[in-house]
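Chains A and B supply the protein sequences, listed in that same order. Taking the working numbering, the leading residue of the first sequence gets 1, the next gets one more, and so forth. Taking the working numbering, the leading residue of the second sequence gets 1, the next gets one more, and so forth.
Hint data in this document are derived by calculation from the structure and do not stem from the laboratory. Any given hint could be a false lead.
Claimed, not checked - Cβ pair distances, simulated, as ranges:
| no. | chain 1 | residue 1 | chain 2 | residue 2 | range |
| --- | --- | --- | --- | --- | --- |
| 1 | B | Ser98 | A | Glu54 | 18 to 24 angstroms |
| 2 | B | Gly20 | A | Ile12 | 35 to 41 angstroms |
| 3 | A | Phe52 | B | Ser5 | 28 to 34 angstroms |
| 4 | B | Arg113 | A | Asn55 | 34 to 40 angstroms |
| 5 | A | Thr56 | B | Gly61 | 34 to 40 angstroms |
| 6 | B | Ala2 | A | Phe52 | 23 to 29 angstroms |
| 7 | A | Thr26 | B | Lys55 | 29 to 35 angstroms |
| 8 | A | Thr26 | B | Met45 | 16 to 22 angstroms |
As the list claims (entries may be wrong) - From chain A, some residues computed to sit far from chain B (all C-beta separations above 12 angstroms):
| no. | residue |
| --- | --- |
| 9 | Ile12 |
| 10 | Thr20 |
| 11 | Asn24 |
| 12 | Ser28 |
| 13 | Ser58 |
| 14 | Thr63 |
| 15 | Asp69 |
| 16 | Leu82 |
| 17 | Pro113 |
Claimed, not checked - Here are some, though not all, of the chain B residues that point toward chain A, as calculated from beta-carbon distances under 7 angstroms:
| no. | residue |
| --- | --- |
| 18 | Leu44 |
| 19 | Phe108 |
| 20 | Gly109 |
Remember, predicted model here, so these are calculated numbers, not experimental data. Think of the CB as a built atom: it goes at the ideal place given N, C-alpha and C, for glycine as much as any other residue.
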Amino acid sequence: KNQVEQSPQSLIILEGKNCTLQCNYTVSPFSNLRWYKQDTGRGPVSLTIMTFSENTKSNGRYTATLDADTKQSSLHITASQLSDSASYICVVSDAQSSYKLIFGSGTRLLVRP
Amino acid sequence: GAVVSQHPSWVICKSGTSKGIECRSLDFQATTMFWYRQFPKQSLMLMATSNEGSKATYEQGVEKDKFLINHASLTLSTLTVTSAHPEDSSFYICSASSGGPANTEAFFGQGTRLTVV
Numbered sequence: 001k002n003q004v005e006q007s008p009q010s011l012i013i014l015e016g017k018n019c020t021l022q023c024n025y026t027v028s029p030f031s032n033l034r035w036y037k038q039d040t041g042r043g044p045v046s047l048t049i050m051t052f053s054e055n056t057k058s059n060g061r062y063t064a065t066l067d068a069d070t071k072q073s074s075l076h077i078t079a080s081q082l083s084d085s086a087s088y089i090c091v092v093s094d095a096q097s098s099y100k101l102i103f104g105s106g107t108r109l110l111v112r113p
Numbered sequence: 001g002a003v004v005s006q007h008p009s010w011v012i013c014k015s016g017t018s019k020g021i022e023c024r025s026l027d028f029q030a031t032t033m034f035w036y037r038q039f040p041k042q043s044l045m046l047m048a049t050s051n052e053g054s055k056a057t058y059e060q061g062v063e064k065d066k067f068l069i070n071h072a073s074l075t076l077s078t079l080t081v082t083s084a085h086p087e088d089s090s091f092y093i094c095s096a097s098s099g100g101p102a103n104t105e106a107f108f109g110q111g112t113r114l115t116v117v
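Can you build the whole structure from these sequences, using the hints too?
Below, the structure written as structure tokens:
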């Protein structure tokens, strides 16, 4: 049972363009929703973390949104750079399971020059 | 953010041998550490949760006698893959949390690539 689903699975964009990644989840109740960036062969690095009461949070060129009613989140990347090429993982903290982190399968983003 | 360091970054070992991976929280005390395994193009799968000074809690399907976890101090946890088999080849990642409120950030190590030949 996939509790956190991400789309698209992969995405290719040109440098300088914007893109939006989607995350749908069924984890309920949840404590918080996080977006991580994972470079190939490296550990995940936190981009944003939002509680259920927050609608949006920004970190530089990354802006995450959260709609707790529809159980959807998005990560918007503005003015993409080559270094943005990575996997982006949506993670939900399960409030009923000792706040265990439930990972999405990620979106693999490739930014081309 | 806080720093979590894993060592080694990559390791190759022969089938049947055991190999340890260290996870250290460098600038905070980690009451809880998590160990994950990640196969190519897949997401992280939680293997076990360890709290300092107590036995680790393993996820269903993870053999505790094969993946030994020691969390002897607030800054160090060790995962030992025993009697390694080629199927154990994977990317192993730890994360550390200082505990407290549920919104506490979890910081990830850089991962260890284990190859069993």
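Structure-based check of all given hints:
Range check, Ser98(B) to Glu54(A): Cβ separation about 21 angstroms, and the 18 to 24 angstroms hint holds. Evaluation of the 35 to 41 angstroms hint for Gly20(B) and Ile12(A) yields a pass: the beta carbon distance comes to about 39 angstroms. Between Phe52(A) and Ser5(B) the CB atoms are about 32 angstroms apart, so this pair conforms to the stated range of 28 to 34 angstroms. The hinted window of 34 to 40 angstroms between Arg113(B) and Asn55(A) holds, with their beta carbons roughly 38 angstroms apart.
Hint check: Thr56(A) to Gly61(B), Cβ distance near 37 angstroms, so the stated range 34 to 40 angstroms holds. Here the CB-CB span from Ala2(B) to Phe52(A) is close to 24 angstroms, well matched to the stated 23 to 29 angstroms. In this structure the hint that Thr26(A) and Lys55(B) lie 29 to 35 angstroms apart at CB holds, the actual value being about 31 angstroms. At about 18 angstroms, the beta-carbon gap between Thr26(A) and Met45(B) stays in the expected band of 16 to 22 angstroms.
Against chain B, the non-interface label of Ile12(A) holds: every CB pair exceeds 12 angstroms, the least being about 16 angstroms. Every C-beta of chain B lies more than 12 angstroms from that of Thr20(A), the closest at about 20 angstroms, which supports listing it as non-interface. Look at Asn24(A): its CB is around 15 angstroms from the nearest CB on chain B, clear of 12 angstroms, so calling it non-interface holds up. Distance check for Ser28(A) against chain B: the nearest CB is about 15 angstroms away, which clears 12 angstroms, and the non-interface claim stands.
For Ser58(A), the requirement that its beta carbon stay farther than 12 angstroms from each beta carbon of chain B is met, with the minimum near 16 angstroms. No beta-carbon of chain B is positioned within 12 angstroms of the beta-carbon of Thr63(A); the least distance is around 19 angstroms. Listed as outside the interface, Asp69(A) is consistent with that label: its C-beta sits roughly 20 angstroms from the nearest C-beta of chain B, beyond the 12 angstroms cut-off. Taking the minimum C-beta to C-beta distance to chain B, about 21 angstroms, the non-interface status of Leu82(A) holds against the 12 angstroms cut.
With a least beta-carbon separation of about 24 angstroms from chain B, Pro113(A) lies farther than 12 angstroms from that chain, consistent with its non-interface assignment. With a least beta-carbon distance of about 5 angstroms to chain A, the hint placing Leu44(B) at the interface is held under the 7 angstroms criterion. Evaluation of the Phe108(B) hint against chain A yields a held restraint, the C-beta minimum of about 4 angstroms falling below 7 angstroms. A cut of 7 angstroms between beta carbons decides the hint on Gly109(B): the least distance to chain A is about 5 angstroms, and the hint holds.
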